[in-house]
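**Q** Given chain A, put chains B and C in place with the hints provided.
Protein chains in written order, with our numbering: chain A, 1 to 288; chain B, 1001 to 1382; chain C, 2001 to 2286.
These are computed hints drawn from the structure, not numbers from a lab. Heads up, a few of these hints could be off.
In silico BS3-like links for lysine-lysine, alpha-carbon gap of 27 angstroms or less [unchecked claim]: (1) Lys1297/B to Lys1179/B; (2) Lys2089/C to Lys172/A; (3) Lys162/A to Lys2032/C; (4) Lys162/A to Lys2087/C.
Stretch-level coverage of chain A by chain B, calculated; a stretch enters the list once three of its residues show a Cβ under 8 angstroms from a Cβ in chain B [said to hold, decoys possible]: (5) 2-12; (6) 31-37; (7) 200-213.
Beta-carbon label-pair distances, calculated as ranges [said to hold, decoys possible]: (8) Gly1282/B to Leu2142/C: 44 to 54 angstroms; (9) Leu53/A to Ser1293/B: 47 to 57 angstroms; (10) Phe157/A to Val1209/B: 56 to 66 angstroms; (11) Phe2003/C to Ser155/A: 56 to 66 angstroms; (12) Trp2256/C to Ile78/A: 48 to 58 angstroms; (13) Leu2080/C to Ser155/A: 39 to 49 angstroms; (14) Val2149/C to Gln1148/B: 52 to 62 angstroms; (15) Leu1204/B to Val2149/C: 24 to 34 angstroms; (16) Glu1199/B to Leu2080/C: 51 to 61 angstroms; (17) Asn154/A to Val2064/C: 43 to 53 angstroms; (18) Asn1039/B to Ser122/A: 36 to 46 angstroms.
As the structure is a prediction and not an experimental result, all values here were calculated from the model. Each residue gets a CB set at the ideal place from its N, CA and C atoms; glycine is no exception.
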Amino acid sequence: MSYLLHLATFFGIYAILGVSLNLLIGYTGLVWIAHAATFAVGAYAGALFATKLALNFFLAMLLAMLVAGILGSLTGWIFSRLGGDYYMLASVSWNYIVVSVLINWESLTNGPLGISGIPKPSLGELSFAEPTKFFLLTLVLLGIVYAAARFITNSSFGRVIKAIREDEQAAKVFGYNTLMYKVAISGMGAAMAGIAGVLLASYIGFVDPSSFDVMESIFILAIVVVGGFANIRGSLVGALALVLLPELLRFAGFPAEIAAHVRLGLYGLALILFMLYRPQGIIGEYKF
Amino acid sequence: MNSSSRIVLGIVIIVAVIAGVFAFSQSPSTSNNVPATKNEPIKLGFIGPLTGDGAALGQNARAATEIAVAEVNAAGGIKGRPLEVIYEDGKCTGKEASNAANKLINADNVPVILGGLCSGETNSFAAAAEQAKRVVLSFCSSAPSITQAGDYIFRDYPSDLFQGSFAAKYVYETLGKKKVGIVYVKSDWGSGIKQVFSEEFSKLGGKIVAEEGYDQAARDLRTQLTKIKAAKPDLVYFLGYTEGSTVGLKQAAELKLGVPILGADGWDDPKLFANAGAAAEGVMYTVVSAPLSDAFKAKMKEKTGSEEVLACSPGAYDGVKILAQILASVGTDSTAIKDALYQVNYVGGVSAARVAFDKNGDPVEANYVVKIVKDGKATEVK
Amino acid sequence: MFFAQLVANSVIAGALYTLITLGFNLIYGATKFTNMAHGAVAAMGAYGVFFATREGWGLPLSIVAGVLVAGIVGVITDRLVFSPLRKKKARASVFVIASLGIFALLQSILSITFGAQFWPLLPPGTGRVFDIAGASVTEVQLWILGSAVAASGILFILLKFTIFGKVIRALSDDEEVAKMLGINTDRMIGVIFFLGSMLAGLAGILSGFDTGVQPTMGLFLLLEGAVSSIVGGIGSLVGGILGAFLLGFVENFGIWFIASQWKGAIAFGLLTIFLIFRPRGIMGKD
Chain A
1 MSYLLHLATF
11 FGIYAILGVS
21 LNLLIGYTGL
31 VWIAHAATFA
41 VGAYAGALFA
51 TKLALNFFLA
61 MLLAMLVAGI
71 LGSLTGWIFS
81 RLGGDYYMLA
91 SVSWNYIVVS
101 VLINWESLTN
111 GPLGISGIPK
121 PSLGELSFAE
131 PTKFFLLTLV
141 LLGIVYAAAR
151 FITNSSFGRV
161 IKAIREDEQA
171 AKVFGYNTLM
181 YKVAISGMGA
191 AMAGIAGVLL
201 ASYIGFVDPS
211 SFDVMESIFI
221 LAIVVVGGFA
231 NIRGSLVGAL
241 ALVLLPELLR
251 FAGFPAEIAA
261 HVRLGLYGLA
271 LILFMLYRPQ
281 GIIGEYKF
Chain B
1001 MNSSSRIVLG
1011 IVIIVAVIAG
1021 VFAFSQSPST
1031 SNNVPATKNE
1041 PIKLGFIGPL
1051 TGDGAALGQN
1061 ARAATEIAVA
1071 EVNAAGGIKG
1081 RPLEVIYEDG
1091 KCTGKEASNA
1101 ANKLINADNV
1111 PVILGGLCSG
1121 ETNSFAAAAE
1131 QAKRVVLSFC
1141 SSAPSITQAG
1151 DYIFRDYPSD
1161 LFQGSFAAKY
1171 VYETLGKKKV
1181 GIVYVKSDWG
1191 SGIKQVFSEE
1201 FSKLGGKIVA
1211 EEGYDQAARD
1221 LRTQLTKIKA
1231 AKPDLVYFLG
1241 YTEGSTVGLK
1251 QAAELKLGVP
1261 ILGADGWDDP
1271 KLFANAGAAA
1281 EGVMYTVVSA
1291 PLSDAFKAKM
1301 KEKTGSEEVL
1311 ACSPGAYDGV
1321 KILAQILASV
1331 GTDSTAIKDA
1341 LYQVNYVGGV
1351 SAARVAFDKN
1361 GDPVEANYVV
1371 KIVKDGKATE
1381 VK
Chain C
2001 MFFAQLVANS
2011 VIAGALYTLI
2021 TLGFNLIYGA
2031 TKFTNMAHGA
2041 VAAMGAYGVF
2051 FATREGWGLP
2061 LSIVAGVLVA
2071 GIVGVITDRL
2081 VFSPLRKKKA
2091 RASVFVIASL
2101 GIFALLQSIL
2111 SITFGAQFWP
2121 LLPPGTGRVF
2131 DIAGASVTEV
2141 QLWILGSAVA
2151 ASGILFILLK
2161 FTIFGKVIRA
2171 LSDDEEVAKM
2181 LGINTDRMIG
2191 VIFFLGSMLA
2201 GLAGILSGFD
2211 TGVQPTMGLF
2221 LLLEGAVSSI
2231 VGGIGSLVGG
2241 ILGAFLLGFV
2251 ENFGIWFIAS
2261 QWKGAIAFGL
2271 LTIFLIFRPR
2281 GIMGKD
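With the rest of the complex left out, here is chain A (with noise of 0.2 angstroms):
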């Protein structure tokens, strides 16, 4: 039953990271696939920030948002001014300069060897070292991020940014200065994959840069396609989908040389699949 619970968890990190993604890619139409990337910037700043200045776990993931919603904006400022398929290439670049920078960084990330002894969350006398309750602290995190992403997407903000997403001559023209807006929205989702790093360094103890590579980033992206664009309900349903999947191919008996790559052309065909005959995603409302 305590796997149950890790893979919970596991679907609490990534529901997160489904999430953040679902508002550049579904409601403001940038192809963002580096989202791994992005999610490594939070494991790492989180984990640096709690092992090396041993700060509280709770003070390292507001600062981790913080670095990673910087990082986020700016890579969102540099980028989002290209078009879709610059944009799309570009993002999958950062995402290559992002682990190389992991790897080859030694003073600050410690390499390829990683960084480990990464502690759990503790508040005062309550520590959330016991699985039940780090699962319960994920799915609070998890509560917070889906309450801000919907606050987002119905406020006037919100509006403003799909407007981009369908024309965004049209929002110009309406006096919106919508690279702001994509900036902004950059910065949210960053920030928001950031407190998912955090998370998963302080679960797993341990981060280190083979986890973050593109692969990870198709990952989450599949996610966001199975649920439907533009739906944040959907990227729970995408999240659960996806992470359940392996474990399904484990316990049918796959032997494990093949499960992998089996799990790999399953997301490329739920891809082209969903692409292809169901564009809104499961339960999407948007036709992308």
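**A** Relative to chain A, chains B and C alone:
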């Protein structure tokens, strides 16, 4: 209520039920005292890369593990109970290995995890295993950091510290080379050995004239090698895995590097010499001195269909044998297994003349030999 | 002589990127989307040769087979996925995401069929090593250079001087106008996919000869090709060639000055600089 709301509601209910069950059942399963049923198999976990980077090492070690398990079971198992190993793919990455370890600890409730193979794997779940009081016996993780990983964390493979300083002494004293250029793969293993080697070699009075790293996925090392060649070393210390080294050695030959090349235990793979051909002739590498018995080699050949006994396999084989002895004498309580491991003094294995653990769970001895490649085969340098 | 070696390394890298970027640009010109599956198609070509040589086919026949495999896989992706999407008038992002899906699917098929390991495509010791002005260059590398020159030349003549080329250019300029002129644009795009994918296959095969094959090789090839084409001006064949060589030189000379482990990041650094300061590339039109 529309269908999407219903789906979300469904998820929330499922999640809440799971949360509820666990919030009120405040008894995390830190111990694994499952009542021993007669003939029910004793399950152990195995984590190593079965796909992706290092899969060759992982698959070979899996074969060795399977052989050891078959031998234990053929000899009557553990007090009549058969031994069973659950194999999980750690993919040589932290996240996958941690996921696998979580499954082994919580779903399969194994007292012992054999592995991980890569240091990144072992590092990622050491803390979780320590917390759940499960024994980890890695058969190939060599990162120095694992020494301090915890009380329940063991390995029967020596730390890189030993190999790096052995190589430094060998190059400086035995070979008499004073200027070395290093090409190394940017991985926990490559960077770890490089660091120790540089420090030791400089301490001995030698000079590192160039240090060039490359991505584990890189398959074109020409510029790195060109840079090394320009620095005019007396010897090139090349730390790589099979894949990158196959092309690296070929490219070194094409660029006419013209100096001796020394590698490390990552090269202990006949596939490398077969694929690199003439380019690998005359290269040397250091490797843990493993007293492979002919019987073991023959069984490996039967199992895998090739002569290959890769660097991680002897440790995996001995690991199973040691654990089988301990399980037979102390049972499946992981704390008892841990205590027994510190007392182990295992001789006659295939990974080392004697396996015993120090207070950190590291092997007490590390013996290396240098091998040289001649006619596509590695032979020990006397 | 180290300078000569660096120049040689750069030229050969540039030639390989040229082959990838030519096909990439050809497809982009006709379809106006970034085909992320292009690299996986290149890997299919390389594995075609891997399979054929294992079966005991001769090298020339294997190469033809590999190139054809890549071309056919490219056409299949177009027929099964991109053509239906075109009929639905899907957005560019939908194409891109679907192409990412194809990339993942093809890579997993290769891994399941052939295993995830790295294999050299040529037996060791094949081919001579030449000494050109102090630089060591292998026979395979000369083949890469020759193929790139030949492919560029043939493509140039094809586009400039044949009716077929005029049709392709009309299609790239404006699909609607091309339709009005009575061109079966859907079928033409299929032909372009075939051509572009064959070029990708050739690049994959030569890269396999130079180093080796691995299911993940496609992503690297695609990214280098995509960077070349953006730096050169996306959709421009001449620009793509310039971009490919610029990238080859910057990568190889760049790590002369900075630590070589950054090699992978240099390409993307160059891309980012271009995206910020000259997003339309060297030869790009506004």
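**Q** Against this structure, judge whether each hint is valid.
**A** Hint by hint, here is what the structure shows:
no.	hint	result
1	Lys1297/B to Lys1179/B	violated (38 angstroms)
2	Lys2089/C to Lys172/A	holds (25 angstroms)
3	Lys162/A to Lys2032/C	holds (24 angstroms)
4	Lys162/A to Lys2087/C	holds (25 angstroms)
5	2-12	holds (count 8)
6	31-37	violated (count 0)
7	200-213	holds (count 8)
8	Gly1282/B to Leu2142/C: 44 to 54 angstroms	violated (27 angstroms)
9	Leu53/A to Ser1293/B: 47 to 57 angstroms	holds (52 angstroms)
10	Phe157/A to Val1209/B: 56 to 66 angstroms	holds (58 angstroms)
11	Phe2003/C to Ser155/A: 56 to 66 angstroms	holds (60 angstroms)
12	Trp2256/C to Ile78/A: 48 to 58 angstroms	violated (27 angstroms)
13	Leu2080/C to Ser155/A: 39 to 49 angstroms	holds (41 angstroms)
14	Val2149/C to Gln1148/B: 52 to 62 angstroms	holds (57 angstroms)
15	Leu1204/B to Val2149/C: 24 to 34 angstroms	violated (51 angstroms)
16	Glu1199/B to Leu2080/C: 51 to 61 angstroms	holds (57 angstroms)
17	Asn154/A to Val2064/C: 43 to 53 angstroms	violated (59 angstroms)
18	Asn1039/B to Ser122/A: 36 to 46 angstroms	holds (45 angstroms)
Violation of the numbered hints given earlier is confined to hints 1, 6, 8, 12, 15, 17; the remaining hints are satisfied by the structure.
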